[in-house]
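Working from the sequences, and respecting the hints, build out all of it.
Residue numbers (the working numbering), protein chains in the order written: chain W, 1 to 546; chain L, 1 to 119.
Hints are supplied without guarantee of correctness; some may be wrong.
Listed below are several chain L residues computed to face chain W (Cβ distance under 10 Å; list not exhaustive) [unchecked claim]:
{"#": "1", "residue": "Ile18"}
{"#": "2", "residue": "Gly22"}
{"#": "3", "residue": "Ser63"}
{"#": "4", "residue": "Glu67"}
{"#": "5", "residue": "Glu70"}
{"#": "6", "residue": "Lys75"}
{"#": "7", "residue": "Thr85"}
{"#": "8", "residue": "Lys90"}
{"#": "9", "residue": "Thr91"}
{"#": "10", "residue": "Gly113"}
Beta-carbon label-pair distances, calculated as ranges [unchecked claim]:
{"#": "11", "chain 1": "L", "residue 1": "Met73", "chain 2": "W", "residue 2": "Pro275", "range": "33 to 39 Å"}
{"#": "12", "chain 1": "L", "residue 1": "Glu102", "chain 2": "W", "residue 2": "Pro75", "range": "44 to 50 Å"}
{"#": "13", "chain 1": "W", "residue 1": "Ile307", "chain 2": "L", "residue 2": "Gly96", "range": "50 to 56 Å"}
{"#": "14", "chain 1": "L", "residue 1": "Asp14", "chain 2": "W", "residue 2": "Glu94", "range": "43 to 49 Å"}
{"#": "15", "chain 1": "W", "residue 1": "Arg309", "chain 2": "L", "residue 2": "Gly96", "range": "48 to 54 Å"}
{"#": "16", "chain 1": "W", "residue 1": "Asp84", "chain 2": "L", "residue 2": "Glu102", "range": "43 to 49 Å"}
{"#": "17", "chain 1": "W", "residue 1": "Gly204", "chain 2": "L", "residue 2": "Glu102", "range": "30 to 36 Å"}
{"#": "18", "chain 1": "W", "residue 1": "Gly220", "chain 2": "L", "residue 2": "Asp14", "range": "52 to 58 Å"}
{"#": "19", "chain 1": "L", "residue 1": "Arg12", "chain 2": "W", "residue 2": "Ala208", "range": "43 to 49 Å"}
{"#": "20", "chain 1": "L", "residue 1": "Arg34", "chain 2": "W", "residue 2": "Arg253", "range": "24 to 30 Å"}
{"#": "21", "chain 1": "L", "residue 1": "Gly113", "chain 2": "W", "residue 2": "Gln134", "range": "32 to 38 Å"}
{"#": "22", "chain 1": "L", "residue 1": "Arg34", "chain 2": "W", "residue 2": "Arg309", "range": "53 to 59 Å"}
{"#": "23", "chain 1": "L", "residue 1": "Arg34", "chain 2": "W", "residue 2": "Ser193", "range": "47 to 53 Å"}
Calculated from the structure, these hints are not laboratory results.
As the structure is a prediction and not an experimental result, all values here were calculated from the model.
All C-beta atoms in this analysis are idealised placements derived from N, C-alpha and C, irrespective of residue type, glycine included.
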Amino acid sequence: MSPGPISSPTSLDELWKRIGGVLGGEGALPTRVAEAALLATGARDATIYLKEKDAWIRVGEKLGGPPQPGEIPEPLPERAWISDGHLWLPLAAEGEIHGLLKLLDVPEGEATEQAAMLAFLFGSLVGAYRLARQVRDAEFELKARLLELESLYDLGLSLGGQLDLSALADEVLFRSISLTDAGKGTLVLREDSGAVLLERSVGGEVIAAADVAGWSIPEGGEINNAAASVPTAGMRLSTCEKCLVVAISVGERRLGVLAVADKESRDGRVLDFTPTDARLLSLFANQAAAAIETARLHRSAIEKERIERELELAATIQQQILPHDLPDVPGVAIAARNIPTRQVGGDYFDLLPLSNGRLAFLVADVSGKGVPAALLVSTVHAAVHLQIEEAKTIPDLVSRIDRHLQRYAAARKFLTLFFGLLEPGTGRLRYVSAGHNPALLRRADGTIEQLRATGVPLGMLPSASWKEATLTMERGDLLCVYTDGVTEALDAAEKEFGLERLSALLTGGAGKSPVELCRDVFDSVGSFAHDVPQYDDQTLLLVERT
Amino acid sequence: MSETCKVSSERRGDVVIIWTDGYINNQGGEEIAREAYVHLDQGARALVLNLEKTRIVNSIGISILIEVLEKVMDKKGVLAFCALTPTIDKTFRIMGLAQYAEIYPTQEDALRGVEPQSA
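Structure (structure tokens):
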């Protein structure tokens, strides 16, 4: 068969009678046109192709893929042609080819003439159909742009009130993927340290979260429409063909990366990302950056508040542990004060009146500060109160406390302790100093004696032992037990208050009551340090034999 | 949410409920269309698309849903959506899907909505 140019119809009325029912039936117009062509020509198969933008697409029940490569010749013939057993007919109207009708196995002779008449008739129909599609597509595009604007607006609104970082990340990622028609997307947020704070992917990972520390995304994002093996912005790409990445930044601070990949088309091809896509995604990233920063600050504030609440609770517990009222023991005058440098400190003192008018007292300094130190203080407090009635001697008591600590306290925690037992009637003082700062005994004549440690700190060695020392306090003698927060208080020049200043205050305070002396010491330490913040707790216990 | 969209359906009389789980993109849209066309060709009158487990729809997915809607309308049928996220709800309204298909909050509402109106 060798068809000539499309000839003018000579019996259109007759043709219309045969196919009018099919053309006016149900279904999409291309399908009806193809069915009518089959009916009119007796061909075994009929396919319609439409020219859409720069490509040919198969149409029918639904949009299909493109024609086989090379199937449609370039330039397009203005006349019908035969290729691979198919008769191809251009469907033209108003001097423009709008579509192609491909017929398989058209019988020779009259059918070819029918096909030529069909092409003439269908040219206008397909042209109108194509125009309608173009109008519809343009309307769709317009709506899609409107959707982008609405989405940017909505994103700003919803992110403004969104303090949940995870939900916020989802919102940004979902909208980014949706509006760029990407097949997949990844959002990675990082800490200032570079550590990954949050990672989300939909449809598969685009970038490796671990790589965000080494990124180098330019302003406005980076499009990579080349092979996926080409690193983008210093990051390795996962399995994707084309990608677009933008930075989520606040000023110079890089908060994260937003990446989308593999822009879809209706016919299954992966499209190039465009500068318009990059602009849209950058706008999303900018909206997200402000919201993410707000959410992060909010989360940080909540965490800080939680820690402060815990510290306050621990401080309350510790304040319950420290004695509120000093005991009234005949023959003894007492003063004591504790100033924690944080809400919860590591100093502990206690006074326990015992039988026969005796007075037990102790000052302890736990290593570390904050909640862990407070917990250890609590442990020591419990151990002292549990064991004091059971212990036979002071070294026995200290050993019991030590064993208790070794068993229940965290590793690498230790404390210094001064434990004294005074018999006011005789003035006999027995004591153990477990690595504690030398206590100062101010005699009535003003001289100072230092009571040195009689063993190592508690919790330090598994089988330590402590010796008991004994002395006699005469009437007017005053014992000063303190923690190093007092003697090591720093001034602006980082000089320490020192043992000498404390000793001088005790000596010069002869005749003053322990309460007055205690006040003098803290006033003096305060004046010395002025406004310099101190980092160690300060505890002072004064016991005078009267 | 699944990486690929999973689609399932159940026919109740002449109404078909289609559930989606995942991203309605080209692949997801094709799955929905395939499921819908099978039921329409078998005489289903109404389709209810339950998108409870879908949080993203792109423009390709929307264009396929429009094709499904056109096919339903060609057959003088009814299409309804239900359980949409607020974002997808707004997207459908802007893109014109809501012009010819009703959107219902729940599946039960949608099933009631697609019932033939008695005279």
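Going down the list of hints, with the structure as the test:
1. A cut of 10 Å between beta carbons decides the hint on L/Ile18: the least distance to chain W is about 16 Å, and the hint is violated.
2. The interface hint given for L/Gly22 holds, since its Cβ lies 9 Å from the closest Cβ of chain W, which is under the 10 Å cut-off.
3. The restraint placing L/Ser63 at the interface with chain W holds, with a minimum CB-CB distance near 6 Å, inside the 10 Å limit.
4. The interface hint given for L/Glu67 is met, as the beta carbon of that residue sits about 6 Å from the closest beta carbon of chain W, less than 10 Å.
5. A least Cβ separation of about 8 Å between L/Glu70 and chain W falls short of the 10 Å threshold, and the interface hint therefore holds.
6. Checking L/Lys75 against chain W by beta carbon gives a least distance of about 7 Å; that is within 10 Å, so the hint holds.
7. Hint on L/Thr85 holds. Least Cβ distance to chain W is approximately 9 Å, under the 10 Å limit.
8. For L/Lys90, the interface hint holds, the least distance from its beta-carbon to any beta-carbon of chain W being 7 Å, beneath 10 Å.
9. With a cut of 10 Å, the hint placing L/Thr91 at the interface with chain W holds, because the nearest CB-to-CB distance is about 6 Å.
10. Annotation: interface hint on L/Gly113 violated; nearest CB of chain W at approximately 24 Å, more than 10 Å.
11. Separated by about 38 Å at the C-beta atoms, L/Met73 and W/Pro275 satisfy the suggested range of 33 to 39 Å.
12. Checking the proposed 44 to 50 Å range against L/Glu102 and W/Pro75 shows it holds: the Cβ atoms sit about 48 Å from each other.
13. Take W/Ile307 and L/Gly96: their Cβ atoms lie about 53 Å apart, and the range 50 to 56 Å holds.
14. Range check, L/Asp14 to W/Glu94: Cβ separation about 44 Å, and the 43 to 49 Å hint holds.
15. In this structure the hint that W/Arg309 and L/Gly96 lie 48 to 54 Å apart at CB holds, the actual value being about 53 Å.
16. The beta-carbon spacing between W/Asp84 and L/Glu102, approximately 48 Å, falls within the hinted interval of 43 to 49 Å.
17. One distance hint, 30 to 36 Å for the beta-carbon pair W/Gly204 and L/Glu102, holds here, with the actual separation near 34 Å.
18. For the hinted restraint 52 to 58 Å between W/Gly220 and L/Asp14, the CB-CB distance of approximately 53 Å keeps it satisfied.
19. Hint check: L/Arg12 to W/Ala208, Cβ distance near 46 Å, so the stated range 43 to 49 Å holds.
20. In this structure the hint that L/Arg34 and W/Arg253 lie 24 to 30 Å apart at CB is violated, the actual value being about 48 Å.
21. Range check, L/Gly113 to W/Gln134: Cβ separation about 34 Å, and the 32 to 38 Å hint holds.
22. For L/Arg34 and W/Arg309, the hinted distance range of 53 to 59 Å is satisfied, since their beta carbons lie about 57 Å from each other.
23. Checked against the given bound of 47 to 53 Å, the beta carbons of L/Arg34 and W/Ser193, roughly 49 Å apart, stay inside it.
Hints 1, 10 and 20 from the earlier list are contradicted by this structure; the remaining hints agree with it.
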